[in-house]
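With the hints as extra help, turn the sequences into a complete structure.
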Amino acid sequence: MKWRGRRETDAAPGPGPAATDRPSGDGLPRVAAITMSRDSGPVLRRWVEHYQRQLGADDVFVIDDHSVDGSADDLPCTVLRLPYLDKYPFEPSRMGILSGLAKSLLFAYDAVLLADADEFVVADPAKHASLRHFAAARTGTDVAGVLGYNVIHRVGVEPELDFDAPSLLRQREFARFTPLMCKPALKWVDADWAHASHGIRHPFEPDPELFMFHFKFADLGQLELLAEHRHQAAVVEGRAVKSSWSRPTDEIVEALRTAAAQVEQAVAQGELGRFRPGPKRIQSIVQNEGDLWRATGAGQHHALVRPPYVRIPDELRDLV
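If you read the sequence shown in the UniProt record's numbering, its first letter stands for residue 1, the second for the next number, and so on.
It is worth saying that the hints were derived from the structure and are not from the lab.
Possibly wrong hints are sitting among the right ones.
Label pairs and their in silico Cβ distance ranges [to be verified]:
no.	residue 1	residue 2	range
1	57	96	22 to 32 Å
2	52	89	24 to 34 Å
3	26	269	40 to 50 Å
4	270	89	43 to 53 Å
5	69	159	16 to 26 Å
6	108	203	20 to 30 Å
On a predicted model such as this, the values are computed, not experimentally measured, just so you know.
Even for Gly, the Cβ is constructed at its ideal location relative to N, Cα and C.
Next up, the structure:
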(Lines of atoms letter the chains of each structure in order from A and count residues from 1; the text may use other names and numbers.)
(Lines give C-alpha, C1' and ligand atoms only; values in the text may rest on other atoms or scores of the structure.)
Protein backbone atom coordinates (compact mmCIF):
# COMPACT_ATOMS: atom_id res chain seq x y z
CA MET A 1 0.00 0.00 0.00
CA LYS A 2 1.27 3.46 -0.88
CA TRP A 3 0.47 6.45 1.27
CA ARG A 4 1.28 10.00 0.29
CA GLY A 5 1.43 11.31 3.83
CA ARG A 6 4.58 12.40 5.61
CA ARG A 7 7.28 9.75 5.75
CA GLU A 8 9.82 9.31 8.50
CA THR A 9 12.51 10.65 6.15
CA ASP A 10 10.58 13.84 5.41
CA ALA A 11 11.39 17.01 7.30
CA ALA A 12 9.12 17.19 10.31
CA PRO A 13 9.08 18.97 13.64
CA GLY A 14 10.42 17.15 16.67
CA PRO A 15 8.20 16.02 19.52
CA GLY A 16 8.49 19.39 21.25
CA PRO A 17 7.47 20.13 24.83
CA ALA A 18 4.51 18.50 26.49
CA ALA A 19 1.25 20.42 26.28
CA THR A 20 1.47 21.25 29.99
CA ASP A 21 4.86 22.93 29.36
CA ARG A 22 3.48 25.31 26.74
CA PRO A 23 2.54 28.93 27.43
CA SER A 24 -1.17 28.02 27.29
CA GLY A 25 -0.63 25.70 30.25
CA ASP A 26 -4.03 24.01 30.05
CA GLY A 27 -2.66 20.61 29.07
CA LEU A 28 -4.85 20.32 25.98
CA PRO A 29 -3.74 19.81 22.36
CA ARG A 30 -3.60 22.74 19.99
CA VAL A 31 -6.17 22.32 17.21
CA ALA A 32 -6.66 24.58 14.19
CA ALA A 33 -9.82 24.83 12.06
CA ILE A 34 -9.62 25.66 8.36
CA THR A 35 -12.09 26.20 5.52
CA MET A 36 -12.23 27.57 1.99
CA SER A 37 -15.19 29.79 1.21
CA ARG A 38 -16.68 31.74 -1.64
CA ASP A 39 -19.84 33.81 -1.15
CA SER A 40 -21.04 31.70 1.80
CA GLY A 41 -23.28 34.38 3.27
CA PRO A 42 -23.93 34.92 7.00
CA VAL A 43 -23.18 31.32 7.95
CA LEU A 44 -19.44 31.93 7.54
CA ARG A 45 -19.27 34.35 10.46
CA ARG A 46 -21.12 31.81 12.63
CA TRP A 47 -18.62 29.18 11.49
CA VAL A 48 -15.74 31.35 12.65
CA GLU A 49 -17.39 32.08 16.00
CA HIS A 50 -18.22 28.41 16.56
CA TYR A 51 -14.66 27.17 16.10
CA GLN A 52 -13.20 30.06 18.07
CA ARG A 53 -15.34 28.96 21.02
CA GLN A 54 -14.32 25.34 20.56
CA LEU A 55 -10.62 25.82 19.82
CA GLY A 56 -9.40 29.35 20.52
CA ALA A 57 -9.70 32.88 19.17
CA ASP A 58 -6.47 32.70 17.14
CA ASP A 59 -6.86 29.14 15.86
CA VAL A 60 -9.34 29.63 13.00
CA PHE A 61 -8.28 30.16 9.37
CA VAL A 62 -10.47 31.07 6.39
CA ILE A 63 -9.21 30.86 2.82
CA ASP A 64 -11.26 33.33 0.81
CA ASP A 65 -11.83 32.13 -2.74
CA HIS A 66 -12.53 35.48 -4.38
CA SER A 67 -15.78 36.25 -2.51
CA VAL A 68 -17.81 39.25 -3.66
CA ASP A 69 -20.77 39.04 -1.23
CA GLY A 70 -18.88 40.55 1.71
CA SER A 71 -19.04 37.36 3.77
CA ALA A 72 -15.26 37.24 4.21
CA ASP A 73 -14.90 40.92 5.09
CA ASP A 74 -13.97 41.96 8.64
CA LEU A 75 -13.94 38.41 10.02
CA PRO A 76 -12.33 38.16 13.49
CA CYS A 77 -9.85 35.52 12.36
CA THR A 78 -6.97 34.95 9.94
CA VAL A 79 -8.21 35.31 6.36
CA LEU A 80 -6.01 34.21 3.46
CA ARG A 81 -7.15 35.76 0.18
CA LEU A 82 -6.46 33.88 -3.04
CA PRO A 83 -6.39 35.09 -6.63
CA TYR A 84 -8.82 33.55 -9.07
CA LEU A 85 -8.19 29.78 -9.25
CA ASP A 86 -7.63 29.15 -12.96
CA LYS A 87 -4.18 27.58 -13.05
CA TYR A 88 -5.48 24.04 -12.49
CA PRO A 89 -8.95 22.44 -12.26
CA PHE A 90 -10.88 23.73 -9.26
CA GLU A 91 -11.32 20.63 -7.10
CA PRO A 92 -7.68 19.46 -7.23
CA SER A 93 -6.69 23.05 -6.50
CA ARG A 94 -9.00 23.27 -3.49
CA MET A 95 -7.84 19.97 -2.01
CA GLY A 96 -4.20 20.82 -2.67
CA ILE A 97 -4.46 24.23 -1.02
CA LEU A 98 -6.29 22.92 2.04
CA SER A 99 -4.00 19.91 2.45
CA GLY A 100 -0.97 22.16 2.03
CA LEU A 101 -2.20 24.62 4.63
CA ALA A 102 -2.90 21.78 7.06
CA LYS A 103 0.60 20.38 6.50
CA SER A 104 2.08 23.76 7.41
CA LEU A 105 -0.15 24.18 10.46
CA LEU A 106 0.87 20.77 11.82
CA PHE A 107 4.29 22.27 12.50
CA ALA A 108 2.55 24.50 15.07
CA TYR A 109 -0.61 22.56 15.97
CA ASP A 110 -1.23 19.03 17.19
CA ALA A 111 -4.23 18.52 14.91
CA VAL A 112 -6.12 20.30 12.11
CA LEU A 113 -9.86 20.23 11.48
CA LEU A 114 -11.27 20.84 7.99
CA ALA A 115 -14.93 21.77 7.61
CA ASP A 116 -16.87 23.57 4.90
CA ALA A 117 -18.26 26.98 5.83
CA ASP A 118 -21.67 25.47 6.63
CA GLU A 119 -20.35 22.47 8.58
CA PHE A 120 -20.27 22.59 12.39
CA VAL A 121 -18.38 19.83 14.19
CA VAL A 122 -19.03 19.11 17.88
CA ALA A 123 -17.98 16.40 20.30
CA ASP A 124 -20.40 14.48 22.49
CA PRO A 125 -20.85 16.86 25.46
CA ALA A 126 -21.49 13.96 27.81
CA LYS A 127 -17.84 12.94 27.33
CA HIS A 128 -15.93 15.95 26.02
CA ALA A 129 -16.12 19.61 27.05
CA SER A 130 -14.87 20.82 23.65
CA LEU A 131 -13.17 19.68 20.47
CA ARG A 132 -9.81 20.17 22.16
CA HIS A 133 -10.88 17.85 24.96
CA PHE A 134 -11.95 15.34 22.31
CA ALA A 135 -8.54 15.62 20.67
CA ALA A 136 -6.89 15.00 24.04
CA ALA A 137 -8.98 11.87 24.53
CA ARG A 138 -7.90 10.53 21.11
CA THR A 139 -4.16 10.58 21.70
CA GLY A 140 -2.58 8.18 19.22
CA THR A 141 -5.29 8.65 16.60
CA ASP A 142 -4.18 9.67 13.11
CA VAL A 143 -7.51 10.67 11.52
CA ALA A 144 -11.02 10.91 13.00
CA GLY A 145 -14.16 10.94 10.90
CA VAL A 146 -17.44 12.53 11.90
CA LEU A 147 -21.02 11.31 11.96
CA GLY A 148 -22.57 13.61 9.36
CA TYR A 149 -26.10 15.04 9.55
CA ASN A 150 -27.89 17.26 7.06
CA VAL A 151 -30.00 19.69 9.09
CA ILE A 152 -33.45 20.16 7.52
CA HIS A 153 -35.56 23.32 7.35
CA ARG A 154 -39.20 22.39 7.90
CA VAL A 155 -40.42 24.78 5.25
CA GLY A 156 -43.73 26.35 6.27
CA VAL A 157 -43.30 25.28 9.90
CA GLU A 158 -39.98 26.77 11.01
CA PRO A 159 -39.05 30.41 10.22
CA GLU A 160 -35.93 31.41 8.34
CA LEU A 161 -32.71 31.11 10.31
CA ASP A 162 -31.78 34.04 12.51
CA PHE A 163 -27.99 34.10 12.24
CA ASP A 164 -27.78 36.58 15.12
CA ALA A 165 -29.59 34.28 17.56
CA PRO A 166 -27.57 32.55 20.31
CA SER A 167 -28.13 29.10 18.76
CA LEU A 168 -28.71 27.91 15.21
CA LEU A 169 -29.69 24.36 16.12
CA ARG A 170 -32.30 25.60 18.60
CA GLN A 171 -34.08 26.89 15.50
CA ARG A 172 -34.04 23.48 13.81
CA GLU A 173 -35.21 20.16 15.21
CA PHE A 174 -34.66 17.46 12.58
CA ALA A 175 -31.89 16.11 10.40
CA ARG A 176 -31.01 13.24 8.13
CA PHE A 177 -27.99 11.05 8.92
CA THR A 178 -25.95 10.95 5.70
CA PRO A 179 -23.08 8.43 5.42
CA LEU A 180 -21.45 10.34 2.56
CA MET A 181 -21.02 13.28 4.96
CA CYS A 182 -19.04 11.21 7.47
CA LYS A 183 -15.88 12.99 6.40
CA PRO A 184 -12.31 12.58 7.73
CA ALA A 185 -12.54 16.02 9.32
CA LEU A 186 -9.88 15.92 12.06
CA LYS A 187 -6.33 14.76 11.50
CA TRP A 188 -3.13 14.60 13.48
CA VAL A 189 -0.90 13.53 10.57
CA ASP A 190 0.15 14.92 7.21
CA ALA A 191 -2.20 13.09 4.85
CA ASP A 192 -3.86 14.66 1.82
CA TRP A 193 -7.61 15.16 1.76
CA ALA A 194 -9.28 14.10 -1.49
CA HIS A 195 -12.63 13.45 -3.15
CA ALA A 196 -13.99 16.89 -2.15
CA SER A 197 -12.84 16.22 1.46
CA HIS A 198 -15.00 13.08 1.71
CA GLY A 199 -11.78 11.06 1.55
CA ILE A 200 -8.19 11.10 2.73
CA ARG A 201 -5.02 9.21 1.88
CA HIS A 202 -4.87 7.50 5.25
CA PRO A 203 -7.09 4.94 7.03
CA PHE A 204 -9.92 6.40 9.12
CA GLU A 205 -13.37 5.64 10.43
CA PRO A 206 -16.22 7.78 11.77
CA ASP A 207 -15.97 8.38 15.50
CA PRO A 208 -19.26 7.78 17.36
CA GLU A 209 -18.51 10.72 19.68
CA LEU A 210 -17.89 13.30 16.94
CA PHE A 211 -20.85 14.90 15.12
CA MET A 212 -21.01 17.21 12.13
CA PHE A 213 -24.12 19.29 11.40
CA HIS A 214 -24.33 20.44 7.79
CA PHE A 215 -26.46 23.56 7.31
CA LYS A 216 -26.77 23.57 3.53
CA PHE A 217 -30.43 22.52 3.78
CA ALA A 218 -31.18 24.33 7.03
CA ASP A 219 -32.66 27.46 5.45
CA LEU A 220 -34.63 27.62 2.21
CA GLY A 221 -33.68 31.21 1.35
CA GLN A 222 -29.96 30.68 1.93
CA LEU A 223 -30.11 27.41 -0.02
CA GLU A 224 -31.59 29.19 -3.04
CA LEU A 225 -28.83 31.81 -2.99
CA LEU A 226 -26.03 29.27 -2.51
CA ALA A 227 -27.36 26.87 -5.14
CA GLU A 228 -27.64 29.65 -7.71
CA HIS A 229 -24.10 30.91 -7.01
CA ARG A 230 -22.69 27.42 -7.35
CA HIS A 231 -24.74 26.59 -10.44
CA GLN A 232 -23.46 29.72 -12.16
CA ALA A 233 -19.89 28.86 -11.16
CA ALA A 234 -20.31 25.40 -12.67
CA VAL A 235 -21.96 26.62 -15.88
CA VAL A 236 -19.94 29.78 -16.52
CA GLU A 237 -16.57 28.86 -14.98
CA GLY A 238 -16.63 25.08 -15.28
CA ARG A 239 -16.16 24.65 -11.52
CA ALA A 240 -16.92 21.35 -9.79
CA VAL A 241 -19.04 20.23 -12.73
CA LYS A 242 -19.15 16.63 -11.47
CA SER A 243 -20.60 17.69 -8.12
CA SER A 244 -23.95 19.04 -6.97
CA TRP A 245 -22.79 22.49 -8.10
CA SER A 246 -23.97 21.66 -11.61
CA ARG A 247 -27.53 20.86 -10.48
CA PRO A 248 -30.19 23.47 -11.30
CA THR A 249 -31.33 25.55 -8.34
CA ASP A 250 -34.96 24.43 -8.70
CA GLU A 251 -33.92 20.79 -8.40
CA ILE A 252 -31.99 21.38 -5.19
CA VAL A 253 -34.78 23.45 -3.66
CA GLU A 254 -37.33 20.78 -4.55
CA ALA A 255 -35.25 18.17 -2.71
CA LEU A 256 -35.48 20.26 0.46
CA ARG A 257 -39.23 20.79 0.07
CA THR A 258 -39.72 17.05 -0.40
CA ALA A 259 -37.63 16.25 2.65
CA ALA A 260 -39.50 18.82 4.75
CA ALA A 261 -42.85 17.27 3.81
CA GLN A 262 -41.55 13.80 4.62
CA VAL A 263 -40.30 14.96 8.01
CA GLU A 264 -43.82 16.15 8.86
CA GLN A 265 -45.21 12.80 7.78
CA ALA A 266 -42.64 10.91 9.84
CA VAL A 267 -43.41 12.99 12.92
CA ALA A 268 -47.17 12.49 12.51
CA GLN A 269 -46.78 8.74 12.07
CA GLY A 270 -44.12 8.27 14.73
CA GLU A 271 -41.58 6.95 12.22
CA LEU A 272 -38.45 8.86 13.20
CA GLY A 273 -35.18 6.96 13.20
CA ARG A 274 -32.54 6.57 15.88
CA PHE A 275 -30.13 9.51 16.02
CA ARG A 276 -26.97 7.47 16.57
CA PRO A 277 -26.30 4.77 13.97
CA GLY A 278 -25.24 1.36 15.22
CA PRO A 279 -21.62 0.14 15.19
CA LYS A 280 -22.10 -2.13 12.17
CA ARG A 281 -23.44 0.70 10.06
CA ILE A 282 -20.62 3.00 11.11
CA GLN A 283 -18.04 0.37 10.22
CA SER A 284 -19.50 -0.05 6.72
CA ILE A 285 -19.31 3.62 5.71
CA VAL A 286 -15.63 3.99 4.78
CA GLN A 287 -14.24 2.16 1.77
CA ASN A 288 -10.62 1.72 0.78
CA GLU A 289 -9.67 2.41 -2.84
CA GLY A 290 -5.92 1.95 -3.26
CA ASP A 291 -4.26 4.68 -1.19
CA LEU A 292 -7.57 6.47 -0.60
CA TRP A 293 -10.11 5.94 2.18
CA ARG A 294 -13.43 7.73 1.66
CA ALA A 295 -16.95 7.94 3.05
CA THR A 296 -19.49 6.37 0.72
CA GLY A 297 -23.25 6.46 0.25
CA ALA A 298 -25.96 8.17 -1.75
CA GLY A 299 -25.36 11.76 -2.80
CA GLN A 300 -26.64 14.47 -0.48
CA HIS A 301 -29.73 15.32 -2.51
CA HIS A 302 -30.78 11.71 -3.10
CA ALA A 303 -30.16 10.85 0.55
CA LEU A 304 -32.08 13.90 1.75
CA VAL A 305 -35.40 12.65 0.37
CA ARG A 306 -35.06 9.15 1.82
CA PRO A 307 -36.32 8.39 5.34
CA PRO A 308 -35.57 7.85 8.13
CA TYR A 309 -35.22 11.30 9.61
CA VAL A 310 -33.98 11.90 13.14
CA ARG A 311 -34.61 14.35 15.94
CA ILE A 312 -31.50 16.24 17.03
CA PRO A 313 -30.88 15.60 20.75
CA ASP A 314 -31.35 18.60 23.03
CA GLU A 315 -27.89 18.25 24.51
CA LEU A 316 -26.37 18.91 21.09
CA ARG A 317 -28.61 21.77 19.99
CA ASP A 318 -27.00 24.29 22.34
CA LEU A 319 -23.54 23.62 20.89
CA VAL A 320 -24.19 25.25 17.49
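* **Which numbered hints fail** => When the structure is compared with the hints, none of them turns out to be violated.
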